Amino acid sequence: MLSEENNQILTRVGPGTLMGDLLRRYWTPALLSMELPGPDCVPVRVRLLGENLVAFRDTEGKVGLVAENCPHRGASLYFGRNEECGLRCPYHGWKFDTEGTCVDMPSEPADSTFKYKVKLTSYPVHESGGIVWAYLGPRETMTPFRDFGTDSLPEEKVYARKQLARCNWVQTMEGNLDSAHISWLHQFNGVADLPDDGTDKPGYPSNAMAWKFWAHDRAPRLEVHDTWYGYRYAAIRTTPNGNTNVRITEYCVPYSTVVASNPFTTRQLMVVPIDDENCWRYNFTTQVDLNPNGYGGENLFAVSPFETPFRNPGSGITPREYTAENDYLIDREDQRTSTFSGIRDFVSQDFMVTESMGPIYDRTKEHLATTDKAVIRMRNILLKAAKGLPDGGQPPALAGPDHDFRKIRSAEKNLEPGEDWRILGTDDDPVVQEAMLAAANRPPTTPNTPA
Amino acid sequence: MLSEENNQILTRVGPGTLMGDLLRRYWTPALLSMELPGPDCVPVRVRLLGENLVAFRDTEGKVGLVAENCPHRGASLYFGRNEECGLRCPYHGWKFDTEGTCVDMPSEPADSTFKYKVKLTSYPVHESGGIVWAYLGPRETMTPFRDFGTDSLPEEKVYARKQLARCNWVQTMEGNLDSAHISWLHQFNGVADLPDDGTDKPGYPSNAMAWKFWAHDRAPRLEVHDTWYGYRYAAIRTTPNGNTNVRITEYCVPYSTVVASNPFTTRQLMVVPIDDENCWRYNFTTQVDLNPNGYGGENLFAVSPFETPFRNPGSGITPREYTAENDYLIDREDQRTSTFSGIRDFVSQDFMVTESMGPIYDRTKEHLATTDKAVIRMRNILLKAAKGLPDGGQPPALAGPDHDFRKIRSAEKNLEPGEDWRILGTDDDPVVQEAMLAAANRPPTTPNTPA
Amino acid sequence: MLSEENNQILTRVGPGTLMGDLLRRYWTPALLSMELPGPDCVPVRVRLLGENLVAFRDTEGKVGLVAENCPHRGASLYFGRNEECGLRCPYHGWKFDTEGTCVDMPSEPADSTFKYKVKLTSYPVHESGGIVWAYLGPRETMTPFRDFGTDSLPEEKVYARKQLARCNWVQTMEGNLDSAHISWLHQFNGVADLPDDGTDKPGYPSNAMAWKFWAHDRAPRLEVHDTWYGYRYAAIRTTPNGNTNVRITEYCVPYSTVVASNPFTTRQLMVVPIDDENCWRYNFTTQVDLNPNGYGGENLFAVSPFETPFRNPGSGITPREYTAENDYLIDREDQRTSTFSGIRDFVSQDFMVTESMGPIYDRTKEHLATTDKAVIRMRNILLKAAKGLPDGGQPPALAGPDHDFRKIRSAEKNLEPGEDWRILGTDDDPVVQEAMLAAANRPPTTPNTPA
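Residue numbers (the working numbering), protein chains in the order written: chain A, 1 to 451; chain B, 1 to 451; chain C, 1 to 451.
Any given hint could be a false lead.
Pairs count within a copy or across copies, as identical chains cannot be separated in the list.
[What the hints assert, rightly or not] The calculated DSSO-like cross-link candidates involving lysine-lysine, where the alpha carbons are at most 27 Å apart (straight line), are:
no., residue 1, residue 2
1, Lys407, Lys157
2, Lys365, Lys117
3, Lys119, Lys365
4, Lys117, Lys373
5, Lys384, Lys373
6, Lys373, Lys387
Note that these hints are calculated values from the structure, not bench results.
Computed from a predicted model, the values in this text were never measured in an experiment.
One chain only, chain A, in its complex shape (with noise of 0.2 Å):
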């Protein structure tokens, strides 16, 4: 439970709130580079942290974010011209680079110095991975770009989608550190009965087997580990045959998870708050060379009977067909006989449970049990971090020299005897040492070419 004023500062992102102020100290994604497809293309307009932006990619290729209103006189720059080198106002012609300068104020005389004096809010921005990121903050306190390795992925491994999520960015982050609703909301008939494989002992377990796991154990004991980046959890459950299952997912702050997959991934899952109750669910590969299958969950949809959340539209944009308004196409007889939701679609389970606690949730009124520990962490770092900031306190999990960003691995193994779930997916894994000497030894793909 959460007090009033912890609610208020935990979820309210605007520009001047605490929380606005600690995820404007971060690089975050703003869009899609295929939301921009080539040079001088069309103007998009982005709503980011609760400010209204305009994404332009310019004639040299260049990727410009910026206010949308034009500081003239208040026009849309949405409406602009984007042409050589610029974005023009479409009101009376002002002019500005990507850097937000104005380069050309023809309705003044020539010899005016007043565009000198007009200056667009300007973003900064880097592409990797298929992203366009930003950083929102004060300049004087911006630090480098964080690579959860995106920056050398080769062109044709890069994989990025976002979705839009109708409600605060904490209760989309919640359910996404939440590995006990995968036994209850996520589940579907038959799958306590799947046959055992053979993998149900120590090492590595099947899918279909990790379902079962689910099915079986649904009371998972969670462990939370904290780190430099913020922390990763291990929700452990018993096997049908008596061994110790565990899924660790990771929490960077702020708003970043990798969710537990077999052996390992990098995969990252990004909450973008849009405003305070729409954000972004980003997901998108990287480092796709130590583990080549991607997203570990492939495979985890072929058992189940879900469409699968990872679908390819072009615009980059997945559509939602399952909203509140249509409450989310529950089948009513489908939840009586075949799955627990009554929701064909996987993700949009994730939707209706978050989405139908209100555009922000009331947390005064909430009782957390056990399978909350990694819920209320998250809470309590953000909240520390956030309340921290005007008295000069330094964010968590900045880029900084001891801070790879590349090693936040998740996992999910039944343990050996005496195994400790710490070391899965850090470097004293074995499984990933030899992933990253196989990586090493694989001839070099071209990396793309970081902003």
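For chain A, the structure is supplied; the task is to place chains B and C on it using the hints.
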């Protein structure tokens, strides 16, 4: 005219408001029984007095009316699984019975006692007359169900419907307690010219003659008579032949009316606040044995060009074709030549005037006249009761040994010389006595089993 | 840049606001005469300065403009019966004439005097030039109607239209007082290359040459000249042949402009606030005898690819196909290759820039330049007048013996050597004198009968 303060007190119904607290002291229609057609059926969203609730019928047929959001992390229980005598949350499988008791918390360790500490808000319900009634007030002030005659109603005589009004409940109530407007809003051409069918004399006029009287004397005199349950009032008109016609309407605190009928009726019309800006109009039969024709106004519409208000939709919720958005389908040619309002649906004529006052009418701007006596009296009773509550005042018209709500009966008649209208419809009225005698001699029918 | 406080004062128009009080001192277009096509026609909802009103034309043709809600119990008089010189409430038949006097209260006893105590809010109206004008201020400060030349306009020359703008009225005003943007927003390809048709010399250029001048000199110099009615300002451009082109636009307090035209015009453009976030753009003819071609810009669109703004819809309300919801149908290919804005409708180009500033633009964020001189002057005049009102300040530009609003005329010309632009369009301008003489010698036409 009301002060702004009194208008706020009168109209606001949310938790913690004066009027909201008063209304919570009464058993209130929450939904129709037919909305929960059988054991383990689909749950139903209910919004009542500004609270979001879910109703469900469990495996044994018992109805639960509970808070919509799970006390764990707030997912909507509307999407829950209604199974094995309880509603199970779709997120983590926590399960609650109709009392709100957590009967299963399977995501927690088997030996956890946490489930005994978690309670889902649940309100007592009582099913009667095709309606699920609920008590939303504090348990310590709960009084018995007020039986308006539905508890003993035979199954085949049960009739209950509801229709949505998109305005504050008091506006709808005031329309129901306003006998004058039938001479105007609901009129149509040619009524005054209807031939005298011989019933314009002391006694019970035909429905056609009733229409004729309303059209003939369009400025009725109102007399209000206070009673233990609220009041009854008479609208008194002089007929073309010089007789005195009275229409008696009952008001039972807080939101119930019995509209004048011939010779008398107990048919209820209740106005139940959904929130401050919406309400349900419930209407339902009671004590049909006393009044075999049910609603006295069945023939009322035979002489009128209007659609009958009591259609019989399968869902129990009468749909609205005539809305503010379509100007209530007003036909100006019809208004000029045929009907006073230009609106062909009788009840929609009421919606047009009450909804067009705005979501919450500003009563500082009104100018009340002599025909508003009953309206004023209702407000005074409600305001006095609501304001007295914090000082321990006892709300009027609660269940009690001397309070037989079945005796609340409206009536309509042309008075005999010297006859007192206050007798009509009461136990002292010979017509009522005769009906009671006939009912007593009729073979018994199987009553509903009260829950 | 404005302070937040001044921005609020400038933009808010509801009852009791400073600017709302100022605007209520002027006769204001309320609706088009053609919206009330004949005696006893259907009433019309009017929202004006944040007030909900109803307009009706009575049996004798007189127009009433009254509060929407009946003073009795608030039912909307829009649904009322417009009959026998009054509007009758649909609820209880109370009837009001165009003055708001209760002329019938038939639901009350025949000898009741209550009707003399009840008054429906009614505003004085004056029909002129196809427009129903109203005065919404206090009666004691009412001044005569300001005749811009419509009172004597022959019936067949009356032309008045309105179109909805979904933004604060000041944004629309500022667009109308901004001669610079025609060199940008409204431009299209090839204009600068139009052949010299011989009118790029001192005197009156052709419309094609005017377009050429705007495209040639895209940074006009603005000069503002204060007048008794507000101001007139000139946008001064150098033509390809080195001549000095001036476009003079008139501003009459509070919301009226006459846009520069060739040789001169009195055609009015008025921006009438519906409420804080919506306004009507009225445009109408005046004194056609002086300027037989009516709107000077008839040929303006002959050389452009744009749709003409002055379409002739039956209702008088020009519909909007180009809206914020459809991004004003912007065609990015058209924007790249043909027009500056990519929007094919001339007026919708204006809507795009003024509406995309948001419902009420935050002027603390703007950066005004030399082309905004006229915009700044308008704001200063309005703010000074509004702030002075509580201290008894007299609003400018009210009707008075020395104030002939028919003399407010815009003009456009290439200046003769030594010519002062301040003379153009005034009584001292030979072209105007010639037109007045011609008008005086023309046979008289039947003027409108002012109401």
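Evaluation of the provided hints:
| no. | hint | verdict |
| --- | --- | --- |
| 1 | Lys407 to Lys157 | within (19 Å within a copy, 72 Å between copies) |
| 2 | Lys365 to Lys117 | between (51 Å within a copy, 13 Å between copies) |
| 3 | Lys119 to Lys365 | between (46 Å within a copy, 11 Å between copies) |
| 4 | Lys117 to Lys373 | between (52 Å within a copy, 18 Å between copies) |
| 5 | Lys384 to Lys373 | within (16 Å within a copy, 50 Å between copies) |
| 6 | Lys373 to Lys387 | within (21 Å within a copy, 46 Å between copies) |
Comparing the model with each numbered hint stated earlier shows that all of them hold.
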